[in-house]
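Novice: 32 is the number of the first residue of the sequence shown in the numbering used here; add one for each residue after it.
Please keep in mind that the hints were generated in silico from the structure rather than gathered at the bench. Any given hint could be a false lead.
Ranges of calculated distance between the beta carbons of each label pair, as one might list FRET restraints [said to hold, decoys possible]:
#, residue 1, residue 2, range
1, VAL151, GLY89, 46 to 56 Å
2, PRO71, TYR142, 46 to 56 Å
3, SER127, LEU90, 22 to 32 Å
4, GLY137, THR107, 17 to 27 Å
5, ILE144, GLY98, 40 to 50 Å
6, GLY89, LEU152, 37 to 47 Å
7, VAL151, ALA100, 40 to 50 Å
8, ASP134, LEU75, 40 to 50 Å
9, GLN88, HIS64, 41 to 51 Å
10, ALA101, SER40, 31 to 41 Å
Here the structure is a predicted model, which means the values were calculated and not measured. Here a beta-carbon is modelled for each residue, glycine too, at the ideal position from N, C-alpha and C.
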Amino acid sequence: MKVRRPRHSRQRDVVLAVVRSTMDHPTAEWVHHQARRTLPRISLGTVYRNLTKLAAQGLIREIHTGGHAARFDGNTGRHYHIRCLGCGRVNDLPISIDARLEDEAGRAMNYRILGHQVEVLGLCPLCQGGRQDRNDSRKRSIALKETARP
């Protein structure tokens, strides 16, 4: 029996490159806008289909943001997120993964733990009414990401 590999396509490559090019956890609409720079005729539906396939393959992660548009993360390594309840923005947290939590949960409940997720909720500086512009916020997001790397 042959093992079917996912078909390779230029559209999927472009969508993956766009998601991996940013640390801002983009929406499908943003990915579509960026992908059109390379592939002017790519449709939003094609972007959605490719994002779904890439997430199913484990090449990106889909983040559900409770009432806001889903966001996508090109960083598939283990890490935590902080999400703004006002605008839905998602950032990576520069906090180490707590493996003790998994060990303790497994022992306490007799489970074989496969992983855990933590999402911290709050209001970003823009939604708090701060005067910080979006570029400063993005720079801080990038700086946080850099400090989180081992």
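Novice: Next, verify each hint and record whether it holds.
Specialist: Results of checking the hints against the structure:
no.	hint	verdict
1	VAL151 / GLY89: 46 to 56 Å	24 Å, violated
2	PRO71 / TYR142: 46 to 56 Å	49 Å, holds
3	SER127 / LEU90: 22 to 32 Å	24 Å, holds
4	GLY137 / THR107: 17 to 27 Å	23 Å, holds
5	ILE144 / GLY98: 40 to 50 Å	29 Å, violated
6	GLY89 / LEU152: 37 to 47 Å	26 Å, violated
7	VAL151 / ALA100: 40 to 50 Å	20 Å, violated
8	ASP134 / LEU75: 40 to 50 Å	43 Å, holds
9	GLN88 / HIS64: 41 to 51 Å	23 Å, violated
10	ALA101 / SER40: 31 to 41 Å	21 Å, violated
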